[in-house]
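> Fit chains B, C and D to the supplied structure of chain A, relying on the hints for placement.
Protein chains: 4
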Amino acid sequence: MKDIKNLKLAYIGGGSKQWARIFMNDLALDEDMCGTIYLYDIDNEAAKLNKEIGNKIASHKDCKSKWKYEVSKTIDEALMGADFVIISILPGTFKEMHSDVHEPEKYGIYQPVGDTTGPGGVLRAMRTVPIYEYFAKKIKEICPESYVINFTNPMAICVKTLYDVFPEIKAFGCCHEVFNTQDFLCAVLKETLNIEVKRREIYTNVIGINHFTWIDKATYKDINIMSLLDEFLDRYYESGYSVKGDVDAYKTNPFAYSNRVKMDLYKRYGALGAAGDRHLVEFLNNNWYLKDKKKIEEWKFNLTSVDFRINRMEQRIKDTIELANGTKEIELKQSSEEAVDLMKAILGLSTMVSNVNLPNVGQIKDLPKGAIVETNALFTHNQIVPLYAGKLNDEAHNLVLRNLINQEGLYEAIKARDLNKIFNIFVNQPLCSTLTIKDAKELFKSMVFNTQKYLGDYYSIFSYYNQ
Amino acid sequence: MKDIKNLKLAYIGGGSKQWARIFMNDLALDEDMCGTIYLYDIDNEAAKLNKEIGNKIASHKDCKSKWKYEVSKTIDEALMGADFVIISILPGTFKEMHSDVHEPEKYGIYQPVGDTTGPGGVLRAMRTVPIYEYFAKKIKEICPESYVINFTNPMAICVKTLYDVFPEIKAFGCCHEVFNTQDFLCAVLKETLNIEVKRREIYTNVIGINHFTWIDKATYKDINIMSLLDEFLDRYYESGYSVKGDVDAYKTNPFAYSNRVKMDLYKRYGALGAAGDRHLVEFLNNNWYLKDKKKIEEWKFNLTSVDFRINRMEQRIKDTIELANGTKEIELKQSSEEAVDLMKAILGLSTMVSNVNLPNVGQIKDLPKGAIVETNALFTHNQIVPLYAGKLNDEAHNLVLRNLINQEGLYEAIKARDLNKIFNIFVNQPLCSTLTIKDAKELFKSMVFNTQKYLGDYYSIFSYYNQ
Amino acid sequence: MKDIKNLKLAYIGGGSKQWARIFMNDLALDEDMCGTIYLYDIDNEAAKLNKEIGNKIASHKDCKSKWKYEVSKTIDEALMGADFVIISILPGTFKEMHSDVHEPEKYGIYQPVGDTTGPGGVLRAMRTVPIYEYFAKKIKEICPESYVINFTNPMAICVKTLYDVFPEIKAFGCCHEVFNTQDFLCAVLKETLNIEVKRREIYTNVIGINHFTWIDKATYKDINIMSLLDEFLDRYYESGYSVKGDVDAYKTNPFAYSNRVKMDLYKRYGALGAAGDRHLVEFLNNNWYLKDKKKIEEWKFNLTSVDFRINRMEQRIKDTIELANGTKEIELKQSSEEAVDLMKAILGLSTMVSNVNLPNVGQIKDLPKGAIVETNALFTHNQIVPLYAGKLNDEAHNLVLRNLINQEGLYEAIKARDLNKIFNIFVNQPLCSTLTIKDAKELFKSMVFNTQKYLGDYYSIFSYYNQ
Amino acid sequence: MKDIKNLKLAYIGGGSKQWARIFMNDLALDEDMCGTIYLYDIDNEAAKLNKEIGNKIASHKDCKSKWKYEVSKTIDEALMGADFVIISILPGTFKEMHSDVHEPEKYGIYQPVGDTTGPGGVLRAMRTVPIYEYFAKKIKEICPESYVINFTNPMAICVKTLYDVFPEIKAFGCCHEVFNTQDFLCAVLKETLNIEVKRREIYTNVIGINHFTWIDKATYKDINIMSLLDEFLDRYYESGYSVKGDVDAYKTNPFAYSNRVKMDLYKRYGALGAAGDRHLVEFLNNNWYLKDKKKIEEWKFNLTSVDFRINRMEQRIKDTIELANGTKEIELKQSSEEAVDLMKAILGLSTMVSNVNLPNVGQIKDLPKGAIVETNALFTHNQIVPLYAGKLNDEAHNLVLRNLINQEGLYEAIKARDLNKIFNIFVNQPLCSTLTIKDAKELFKSMVFNTQKYLGDYYSIFSYYNQ
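Protein chains in written order, with the working numbering: chain A, 888 to 1354; chain B, 888 to 1354; chain C, 888 to 1354; chain D, 888 to 1354.
Bear in mind the hints are in silico, worked out from the structure with no lab data behind them.
Check the hints yourself; a few may be wrong.
Heads up, the list lumps identical chains together, so a pair's fine if it works in one copy or across two of them.
[Claimed, not checked] Straight-line C-alpha distance at most 27 Å; calculated DSSO-like pairs for lysine-lysine:
#  : residue 1 : residue 2
1  : 1085      : 889
2  : 1057      : 1024
3  : 1108      : 1057
4  : 960       : 1108
5  : 1340      : 982
6  : 1057      : 1252
7  : 1131      : 1154
8  : 1325      : 895
9  : 1104      : 889
10 : 1325      : 1182
11 : 1104      : 892
12 : 1178      : 993
13 : 943       : 955
14 : 1131      : 993
15 : 1340      : 943
16 : 1328      : 982
17 : 943       : 953
18 : 1215      : 1025
19 : 1302      : 1325
20 : 1027      : 960
21 : 1024      : 935
22 : 1024      : 960
Since the model is a prediction, treat every value here as computed from it, not as a measurement.
This is chain A alone, in the form it adopts within the complex (with noise of 0.2 Å):
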């Protein structure tokens, strides 16, 4: 039997100056796990940034439980003997970014994120997957029983390269969307009810793909929350609503959305997008959502630019020596993320069930076998158990369907390293829509050049070009 005062923790991406963080806070604040960190990044400098801010946390008066942080130089030293391997990766840098999100842009397509689907999501998958592959590789020859958490996008893509490359993995994928749309869910039932309740109070049926996850029953007691939708709407659907309390942050804020996306999709499709509108939307014919300029604002949410992430990237490095020196104070605050939870639960200390992204074995009806999809699991003593989450109503199902044969297809065409394929699968985007294939090619072409420096070891793409 493990013992829990003493583990050992990957963490793949250990030079993150988010991720690693909030996690570092939420592992002090847990008083019953116990252990050594051990950062890896191919950012060595970062990772040992990281390592003193890891240990400053572990030994602040609030930390409930003892950490130690360590800096390993390969991967194999990071993953030896590893009961939890923690990833969290920046696929190229913001450079690469900038193209995935603005390239397109010329030919009038806007992505709010731009990293799951859409030309952006395609181009950060190609450089995604050949690095996972060699995770994949590097965990079942080193540790093939630990538990394998990913948090990098795009997630789908991530663990299905996971599971293809080593089917018994023991991978999932969590991402916090769906806890936002829970949130919201609450405070349906506190306007219509006035009924007060943590989203961990109330039940829903989760059933889609990351980021355009949808929730089609939800239940406090015997109340059916979505009964209550109608209601709802009626008051915030054109002024839209915000669970964080002001409806016009995203005037300011590139994160913030009012949800009159996500109430809009009700109104046509009875069931709940379940994610942050900036993301369902990436998901739908770009002329639905993302015309232009204008109609983003009409619908209340914000594009995120990449010049904005440098610029707070720039911001944390900063914060980041500033902690790691001293001369910034550390504070202790436990975040609304669920991973050292799961953990818990996976090493038999509670049962927890909660949103993830694995391999489709039935849990979600009527969608292929293996392809990754995201649904409650029950976390529990080594064991994690997919729920079964049925079948959304016919029209919002196909709207998931389409999606997910593009992001399955998508796998699999960069796993061939096929070009063409992979174009395919770009044109076939629903943010793409409104492409002819010349300029969707042309698109194409752009967004390689742009990014060749992460795809040159992979793609032939020298000869697609002289095609």
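Quick look at chains B, C and D alone, frame taken from chain A:
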């Protein structure tokens, strides 16, 4: 045992000026079967004219069998005791077809045919399903053991309706589009290997849905005809190729096409679209091959305007009257249609393989069971047995799947008479890819308005407009 | 929202001398729920006695909640407005059960229980299905939203009938056999690693059909309990092992068993039969563990004669009267049953995992959809969600599959009231493996004859005999 | 394109004294194909004799085509460049077959054939699979494009091995048992309606597994032949019926049968077993039709003792030598086998439907994909396309399913060379229904012991015995 010299056929839509005539000819030139044909049509006068013509054909000197034509005043009378029921109707009039085909042009959507899919297909289906529900009920009640052969479009929706209302029905849908592609493959064999054969001498694996059917295997003896396509495309991809000789016929003949789309699809997807180019393009994003008239010209096919159809019909009516009253002489000519041959095979006079539209029992892998698909089947001794067609390569399969889920979803939405659901399918049509939701709604409403005469009995149009 | 202090429960079979009493106790000792229980029984007097006892329990000093007991004269009255419907009936009397269990002994077929499968199970099912068809219709008509909890055997056939007649029913079947196997696994943990835990502290994957359920994964924290079985078997395979201590109890107690069959199945099939040995053997060829009384003695379990049951019932009736009239004092005692906990979870008071009988929606891979299977499900907030159980190893799976196709086939044959079809299933029972067709027919006819009082309304017995 | 006047055939088991001879005859009497046949056999002398005979046949005055016979010393030489590979071998010798067939008699298990299923089938499969694994590897390596026709039993296990080792193989298994049942149905047509036709003039739906195949639909023109069976059974159920005339032939001819079992199965299950009665009974509980010799006599079929086979073989060897050295004259005679016709259809000379053994791709509904089943397929132009056979009625389906899961499980267990798993399948055979586990183990061990010469290289027999 049936007396094949005394069969009874019911022809629903028996006033038809085209299909009925072809069928009468083919019957006359077959020497095995004889009997009586009961023509039923809501246009009783048209049926009467066809009766005249039919009986003239039957008494033509070249006629090899004995057939008698009668007009049935009621559908019940026509169906009573029928061995075979032929259905070939026009749901609505050219006025409605005009709206189906041309109204979307106001929004930049061009449809070469507009009777199967796309906005026109959706509206036509809305008119057709209620009629076919009625036919199915009548057949179930009056002649449940009859074989029912459908020629009406939208083919798949018609066949779906028949089976959904009366699951034990012995119905199938016949379409000659695949034949032309088989002729095209014979041309490939001729042009590359100088082997000259007829289409029935090769074997093709037919797989897909009506008018978006594909061929992924084609053999003549042990020759893989598909492997000859690259060489053929080297020569004809740019210029186009017409089986009938004149590659520029499309300039004047609104039904002509040069197979450039078919060849392009093969280039992109590695399988051959097995229908006329005019049909194939309607299942793809409108900006791919139908962006504007210039594009259409480049791909060397033509749009068939409804005005053209109206003019042609006027000529046909004239001909009909002249044929009926003997002013114009009857010429017997065998068509390339297979309905008569299929009937003979069902009667046990031969064994024959042909492509037909039937519910999927597994003949296409990984498509939903019960959906109407088009593949080969064996016809023999009172049995129609689907042949296993397998699955197209992933990317072509996905194109079919996207359209199939629209097709099946459309049927369900119409069955429910739910205009909101129908609109969800409408806006999800590949031909509507460039529409905003607002424009799509506007267009849908106009098309419903234009054709309300044939919809009002079934749908709550008024309340939909006041939503 | 429901008022959990004012629930309405319908108890069909409310005159029960065993289950009803246990349930009353468990309700009394729970502090969250209150309400009224309507007892309905064809034996109205028995229901009245239970009402007396129920109200005495409810006014007992240790009772933690307020419950009121009423007798319903009609099933309609009991069901009207019910939040939960409990069904626990005896189809027929001990006279019929006597034939079920003992008539086959004349042909060398011994049945320790005889209420689920084998010849006795078939006959009992024949009496039960018509009754459950009636229940299902009543529930559909009167309280379609109620949760229905079944305790009657043959469990799977009962649940199947409910769902087949009323597919939207919220029914599930509860059985405690798995609990005992979980206790057994806790004993394994104790005996091998000296870790002492309760059954709810481990997680087991439950998979199979009622009374022929299996456990193929069992974990406590990260310990694989299954991997401890070899060591455990080394010590206890020969001697047997009883969770309750006395391994020889089977010599006097007709319900006792020593788990030798369970351990033998594990040895042979690598998975653990998760029901009492008395049940497990009934799903296997009769010459395996039930060849004769000597064999049964060797495997250290016992046959439960119906005479024993009759004697026990007489004692219970005596007790009942004494409890009802106050001669005998009531003692409140919590059972190990989970029905009350499951009800609370459904009401949203907790989240809970338990094994239940439900139609297969995919929770067991490669078993027919719609067949009744037993696996884990999550109970929470008005939802019962099956957990994915996967598939047993091929050989154990095949044993289950063989019995499942009998189970489902039996239901269909009974539904059709077709005695020939029922016989085909009868002779296909593993317990009938040694019968000739002639003997099987003779036995079947006798058993039908013996129990005709409860069959005559439904089956054409007379014409069957004169075949 | 292949030169059909210069084909290359490889005949594995080319020393065969029966099948090879029939095949040589059929080839000689066909006028379309010519070429060379390479005979390979581990008994090289036998192959040489067949070469002599083959060449004599080829130069016979009635021979219509040119064939040359050669002996290959190695399998590689035979396979190199082969257009078709014929496999027809005896795995082991009559000594092993003697154990397969007669050892179980000591335990009351009678097997009329003992080469497909039951205890004999299991042991024979154990010898055969390793040989076929070798064949499959060789074919994959040397002639992956060849068509492979299997005649060896256990048919399904042989075909399974070929496809499992080399999934792209173009293999199929041919069996004539169905032909006899088709003749039987022609007799039904003759006896009831006085219509005289040949078996190829009717259409039958073939469905099941080899030697336990069924026919559930049979039509001649629009006549449902199945509907005539009741009348036919009224006359012949008691007496039996032989297509060849002498219903009592079974008394002296160990291969004869009177179709009483077939008719009884139809009576009980509503579908017609489509193999010889001797085969059908082996898939059913041994007490049904094989309880003892008296029972067998009543059902009017016979057991084929291996001594009889040995005697027959001695006569055949004598004949072979005489034919080879010219003492005995060659007579050309067309058989009723279809192998030559199927080859011609594959070469594109005709289109033909016949029953074959192939992996299930869905041709039988609700049976596992990949399992080897026997149904109709279309043979034409380098393609073998399964025809959809649907599903037998539930009860007959379940009989097939039970045997199919044994069949597939047996293959997996042999593939794993796991004697414990093989025993689990052994004891699960319907023919072993009456065995205790102890007796079954004893019997299995004896049979393994008896045939160890052919098993020792593959299985850990020694360690199994010392378990």
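> Give a verdict on every hint.
Each hint tested on the structure:
1. 1085 with 889: between (33 Å within a copy, 20 Å between copies)
2. 1057 with 1024: Within. Shortest intra-copy distance 13 Å satisfies the 27 Å Cα cut-off; inter-copy 34 Å does not.
3. 1108 with 1057: Between. Shortest inter-copy distance 16 Å satisfies the 27 Å Cα cut-off; intra-copy 33 Å does not.
4. 960 with 1108: Classified as neither; 51 Å inside a copy, 32 Å across copies.
5. 1340 with 982: Classified as within; 11 Å inside a copy, 58 Å across copies.
6. 1057 with 1252: Classified as both; 23 Å inside a copy, 19 Å across copies.
7. 1131 with 1154: Within one copy, since 22 Å is at most 27 Å while 51 Å is not.
8. 1325 with 895: neither (52 Å within a copy, 50 Å between copies)
9. 1104 with 889: between (38 Å within a copy, 18 Å between copies)
10. 1325 with 1182: both (26 Å within a copy, 11 Å between copies)
11. 1104 with 892: Intra 39 Å, inter 26 Å, cutoff 27 Å: inter-copy only.
12. 1178 with 993: So residue 1178 and residue 993 pass the 27 Å test inside a copy (13 Å) and across (19 Å) alike.
13. 943 with 955: Only inside one copy: residue 943 and residue 955 sit 10 Å apart there, 61 Å across copies, limit 27 Å.
14. 1131 with 993: Classified as neither: same-chain Cα gap 34 Å, cross-chain 43 Å, threshold 27 Å.
15. 1340 with 943: neither (37 Å within a copy, 72 Å between copies)
16. 1328 with 982: within (21 Å within a copy, 40 Å between copies)
17. 943 with 953: within (11 Å within a copy, 56 Å between copies)
18. 1215 with 1025: neither (37 Å within a copy, 70 Å between copies)
19. 1302 with 1325: within (25 Å within a copy, 39 Å between copies)
20. 1027 with 960: For residue 1027 and residue 960, only the intra-copy Cα distance (19 Å) is at most 27 Å; the inter-copy one is 46 Å.
21. 1024 with 935: Cα proximity of residue 1024 and residue 935: one copy only (25 Å, versus 54 Å across).
22. 1024 with 960: Intra 18 Å, inter 45 Å, cutoff 27 Å: intra-copy only.
Violated hints for the displayed structure, listed by number in ascending order: 4, 8, 14, 15 and 18.
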